[in-house]
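There are 2 protein chains.
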Amino acid sequence: MTSLAPVLDALDAGLDASLTRLADLVRIPSISTDPAYAAECRRAAEWLVADLKEIGFEASVRDTTGHPMVVAHHEGPAGTPHVLFYGHYDVQPVDPLNMWHDDPFDMKVKEVAPGRKVLTGRGTADDKGQLMTFVEACRAYKKVHGALPCRITILFEGEEESGSPSLKPFLEAHAKELKADFALVCDTGMWDRDTPAISTALRGLVGEEITVKAADRDLHSGAYGGAAANPIRILAKVLAAVHDDNGRVTIPGFYDGVEETPSQILKQWESLGLTAEEFLGEIGLSIPSGEKGRSVLELIWARPTAEFNGIIGGYTGKGFKTVIAAEASAKVSFRLVHKQDPDKIRDAFRAFVRERIPADCSVEFHGHGGSPAIQLSYDSPFLSKAKNALSDEWPKPAVMIAMGGSIPIVGDFQTYLGMESLLVGYGLDDDRIHSPNEKYELSSFHKGQRSWARILDALAK
Amino acid sequence: MTSLAPVLDALDAGLDASLTRLADLVRIPSISTDPAYAAECRRAAEWLVADLKEIGFEASVRDTTGHPMVVAHHEGPAGTPHVLFYGHYDVQPVDPLNMWHDDPFDMKVKEVAPGRKVLTGRGTADDKGQLMTFVEACRAYKKVHGALPCRITILFEGEEESGSPSLKPFLEAHAKELKADFALVCDTGMWDRDTPAISTALRGLVGEEITVKAADRDLHSGAYGGAAANPIRILAKVLAAVHDDNGRVTIPGFYDGVEETPSQILKQWESLGLTAEEFLGEIGLSIPSGEKGRSVLELIWARPTAEFNGIIGGYTGKGFKTVIAAEASAKVSFRLVHKQDPDKIRDAFRAFVRERIPADCSVEFHGHGGSPAIQLSYDSPFLSKAKNALSDEWPKPAVMIAMGGSIPIVGDFQTYLGMESLLVGYGLDDDRIHSPNEKYELSSFHKGQRSWARILDALAK
Chain A
6 MTSLAPVLDA
16 LDAGLDASLT
26 RLADLVRIPS
36 ISTDPAYAAE
46 CRRAAEWLVA
56 DLKEIGFEAS
66 VRDTTGHPMV
76 VAHHEGPAGT
86 PHVLFYGHYD
96 VQPVDPLNMW
106 HDDPFDMKVK
116 EVAPGRKVLT
126 GRGTADDKGQ
136 LMTFVEACRA
146 YKKVHGALPC
156 RITILFEGEE
166 ESGSPSLKPF
176 LEAHAKELKA
186 DFALVCDTGM
196 WDRDTPAIST
206 ALRGLVGEEI
216 TVKAADRDLH
226 SGAYGGAAAN
236 PIRILAKVLA
246 AVHDDNGRVT
256 IPGFYDGVEE
266 TPSQILKQWE
276 SLGLTAEEFL
286 GEIGLSIPSG
296 EKGRSVLELI
306 WARPTAEFNG
316 IIGGYTGKGF
326 KTVIAAEASA
336 KVSFRLVHKQ
346 DPDKIRDAFR
356 AFVRERIPAD
366 CSVEFHGHGG
376 SPAIQLSYDS
386 PFLSKAKNAL
396 SDEWPKPAVM
406 IAMGGSIPIV
416 GDFQTYLGME
426 SLLVGYGLDD
436 DRIHSPNEKY
446 ELSSFHKGQR
456 SWARILDALA
466 K
Chain B
6 MTSLAPVLDA
16 LDAGLDASLT
26 RLADLVRIPS
36 ISTDPAYAAE
46 CRRAAEWLVA
56 DLKEIGFEAS
66 VRDTTGHPMV
76 VAHHEGPAGT
86 PHVLFYGHYD
96 VQPVDPLNMW
106 HDDPFDMKVK
116 EVAPGRKVLT
126 GRGTADDKGQ
136 LMTFVEACRA
146 YKKVHGALPC
156 RITILFEGEE
166 ESGSPSLKPF
176 LEAHAKELKA
186 DFALVCDTGM
196 WDRDTPAIST
206 ALRGLVGEEI
216 TVKAADRDLH
226 SGAYGGAAAN
236 PIRILAKVLA
246 AVHDDNGRVT
256 IPGFYDGVEE
266 TPSQILKQWE
276 SLGLTAEEFL
286 GEIGLSIPSG
296 EKGRSVLELI
306 WARPTAEFNG
316 IIGGYTGKGF
326 KTVIAAEASA
336 KVSFRLVHKQ
346 DPDKIRDAFR
356 AFVRERIPAD
366 CSVEFHGHGG
376 SPAIQLSYDS
386 PFLSKAKNAL
396 SDEWPKPAVM
406 IAMGGSIPIV
416 GDFQTYLGME
426 SLLVGYGLDD
436 DRIHSPNEKY
446 ELSSFHKGQR
456 SWARILDALA
466 K
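If you read the protein sequences in the order shown, they are chains A and B. Heads up, the first sequence is in the numbering used here, so the first residue is 6 and it goes up one at a time. Heads up, the second sequence is in the numbering used here, so the first residue is 6 and it goes up one at a time.
It cannot be assumed that every hint is accurate.
Said to hold, decoys possible - Among chain A residues calculated to face chain B with C-beta under 7 Å, some are:
hint, residue
1, Glu312
2, Ile316
3, Pro363
4, Ser367
5, His371
Said to hold, decoys possible - Subject to a maximum C-alpha distance of 25 Å in a straight line, what follows is the list of computed DSS-like cross-link-like pairs (lysine-lysine):
hint, chain 1, residue 1, chain 2, residue 2
6, B, Lys218, A, Lys326
7, A, Lys297, B, Lys242
8, B, Lys218, A, Lys297
9, B, Lys242, A, Lys218
10, B, Lys218, A, Lys242
11, B, Lys242, A, Lys242
12, A, Lys401, A, Lys122
13, B, Lys181, B, Lys58
14, A, Lys242, B, Lys122
15, B, Lys184, B, Lys466
16, A, Lys326, B, Lys349
17, A, Lys390, A, Lys466
18, B, Lys242, B, Lys297
19, A, Lys218, B, Lys326
20, B, Lys297, A, Lys218
21, A, Lys323, B, Lys173
22, A, Lys218, B, Lys323
23, A, Lys326, B, Lys173
24, B, Lys323, A, Lys173
25, B, Lys323, A, Lys242
26, B, Lys390, B, Lys184
27, B, Lys326, A, Lys173
28, B, Lys326, A, Lys344
29, A, Lys326, A, Lys218
30, A, Lys349, B, Lys297
31, A, Lys323, B, Lys242
32, A, Lys323, B, Lys323
33, A, Lys326, B, Lys326
34, B, Lys218, A, Lys323
35, B, Lys326, A, Lys242
Stated by the list, open to error - Covered by chain A, per the in silico footprint, the following chain B stretches (three or more residues, Cβ under 8 Å):
hint, segment
36, 225 to 239
37, 283 to 297
38, 363 to 375
Think of the hints as simulated: they come from the structure by calculation, not from any bench. Beta carbons: idealized from backbone N, C-alpha and C, even for Gly.
Isolated chain A, as found in the complex:
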């Protein structure tokens, strides 16, 4: 048991030094998607290993068939939980470079409004700045107390922005070494500048590509129109049947395993005060397109969807061609929640489509991924500890939110390490990650460090 206050003081006192370290890490252009930067990725990994060793971690660069992993271990007092902290040191490419106001690899601290400063540069928010908030919290703990409040394993990946090809084999091969009581994943954000958030649910995903085939060649619509089956018409009928007039998915069994969100959670989301007009207005829309009678936050956080991500068939160039295509195809994806079963959803969808294909036509399916939803139990003790710790640091109490999309690492930790994740991060929606002029709030970086100190302290108790 250690005292928190001096750790927080140390973080305040060490802010400038921590900014220098972050600037050093940002300076390494560790772009994982471009093979030309492979050596820079390794350099970032080595930089992190050196820094973690300096703090007192047993740290090493671990080779993979792609960019290396960083793994670090530090003991904690007996009786405290063992946590795995995950982040990634690779960054997105920076083009178009001419859209940047500053050199993307030369981090600047800029005052953008009275009392509000931001750190600019590629990776400041995604994910170098975020992961360093945790490293700085550990550093301060060690400095003040000579120890960490609990046992910590760190895993930094170098391929998050390029599909994480080495991650699953690495988790599988090192499951024993990496397994902890739970994971802390920092690749997420706050509700708003004043309100910290813990993501407790992530929707799952099933992707399907369907190709409807009719005649054995493209036909002239003058010669065959009105007699020959048109695959675009068949496909349109299939897709149009997927939702009813109330936006509900009509595929039999689709809602099996979907639970109603507890009313206190719905109330919490309601209290965030985000209207449909506000949420959709930002993208030029105003009317929620999903199930009627549910708020936009419930729709994107706690309800499953069927979306059509792409469609193509026939002549799509300039002008006109009076053709009846031989085939047409669509990419369809389902966002899953709670206990929906990806395999059952896929099977039900395929049966639903097959039923609607005329006897002289055919359909082919191609599956793309399938992952169940992730749902943290709302009554988990470490969840309430983290929530209270965050609420102590920020102007407003922490909220439990969900994410409409998936974060693959969370599913992978569950699959390969049998471990749940607590998703806490300090990014903001306007951080422009993956875009020119990425930034991270100075308050995110500073109060983020303090938040981790508080969370580690709370978890250890």
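Guided by the hints, dock chain B onto chain A, whose structure is given.
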């Protein structure tokens, strides 16, 4: 009034000479789409003018901004009709050349089965062989009787295979010179080897491109799926609503002006014995997709359609992208029959679409062409004369058929010259026009000449 029998005899006796002339014309590579062959196109026009002059026509090459026209005039006995004969001397390119069994410009007469000979080469069927059947009939008439049975104007075009850019201006500029009582258009075919045909109807066409716009940018389906409007879903709903479960178009007013085909015509079509299995089997299908309870011939010849010729939206590359597109679009065309009004159909369709677009989304339309159907009155006297004349020549009586597609020249004659067309030709479905190894049956060429002699004789009476 002249006697027909000696003209037919002269055609029989002159067959070899007529084949030599056709071979001379085929030898000129008058490919209109390739500027490298411009001089050859002119040479073909000059060859035709010389030949028509030899027969006794007042003939000339007429310059246009593209390839020249051939116009020829010949007087006829007072009280006989004035007919305009139309054909085209230009041909399709010949590539891939290695697919040809013989030089495409060196016409051969080949025996392909006992008693069945074909003429091989580019343009033998489309359209040099066809137009020469008419020229040879005129030649024989003049030779035997020193006169033609009626007044004849000939128009040969050199841009039919390249979109006829000069045709409309030429018709407009020379309307007075070219206007006749009706036109004979030879660019069509027989029902089968033994059954001549007159095309009495051509479907019209309305093309529309619609683009549904939702959010002002592409969205991540994780972040917005279930809340934001998806333009592919909206487009699918619109297209799926165009046909009811019986294949009937649901657009209000769509069938205004559509007439039921006279029962004797339906019976004639029925007697042709073409089953849906046979017609569709050839393209790998078996079930008619149009209005239920109508034969395939009625569907493609006498019923209007709505066809979807192309559709595109969202991510259509390899793999998967969980995007909600900002827009999606489709190309839609309507084949029109009888008195359907292209403008009204277009307006009705646009209203139909607009009604189905959510209030926060929009739709844009782009019109592509619009032409009404062409329908010869079944009781026209020159139609029955031509039908009887054809029936006298061939093993089986002539049938009145229709065409699912449009032949622009027929509409142009109606628009610019106020003149109906009688469509008679001797091509067969297996003539491979536009493809390697184009051929024309020797029987088409020989009996085609005799058929025109009979038709001219009948029209003059």
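Right, here's what the structure says about each hint:
| no. | hint | result |
| --- | --- | --- |
| 1 | Glu312 | 5 Å, holds |
| 2 | Ile316 | 5 Å, holds |
| 3 | Pro363 | 6 Å, holds |
| 4 | Ser367 | 10 Å, violated |
| 5 | His371 | 9 Å, violated |
| 6 | B/Lys218 - A/Lys326 | 23 Å, holds |
| 7 | A/Lys297 - B/Lys242 | 18 Å, holds |
| 8 | B/Lys218 - A/Lys297 | 22 Å, holds |
| 9 | B/Lys242 - A/Lys218 | 20 Å, holds |
| 10 | B/Lys218 - A/Lys242 | 20 Å, holds |
| 11 | B/Lys242 - A/Lys242 | 7 Å, holds |
| 12 | A/Lys401 - A/Lys122 | 20 Å, holds |
| 13 | B/Lys181 - B/Lys58 | 22 Å, holds |
| 14 | A/Lys242 - B/Lys122 | 49 Å, violated |
| 15 | B/Lys184 - B/Lys466 | 21 Å, holds |
| 16 | A/Lys326 - B/Lys349 | 22 Å, holds |
| 17 | A/Lys390 - A/Lys466 | 9 Å, holds |
| 18 | B/Lys242 - B/Lys297 | 22 Å, holds |
| 19 | A/Lys218 - B/Lys326 | 23 Å, holds |
| 20 | B/Lys297 - A/Lys218 | 21 Å, holds |
| 21 | A/Lys323 - B/Lys173 | 23 Å, holds |
| 22 | A/Lys218 - B/Lys323 | 18 Å, holds |
| 23 | A/Lys326 - B/Lys173 | 21 Å, holds |
| 24 | B/Lys323 - A/Lys173 | 23 Å, holds |
| 25 | B/Lys323 - A/Lys242 | 24 Å, holds |
| 26 | B/Lys390 - B/Lys184 | 21 Å, holds |
| 27 | B/Lys326 - A/Lys173 | 21 Å, holds |
| 28 | B/Lys326 - A/Lys344 | 24 Å, holds |
| 29 | A/Lys326 - A/Lys218 | 19 Å, holds |
| 30 | A/Lys349 - B/Lys297 | 36 Å, violated |
| 31 | A/Lys323 - B/Lys242 | 24 Å, holds |
| 32 | A/Lys323 - B/Lys323 | 22 Å, holds |
| 33 | A/Lys326 - B/Lys326 | 28 Å, violated |
| 34 | B/Lys218 - A/Lys323 | 18 Å, holds |
| 35 | B/Lys326 - A/Lys242 | 23 Å, holds |
| 36 | 225 to 239 | holds (count 13) |
| 37 | 283 to 297 | holds (count 11) |
| 38 | 363 to 375 | holds (count 6) |
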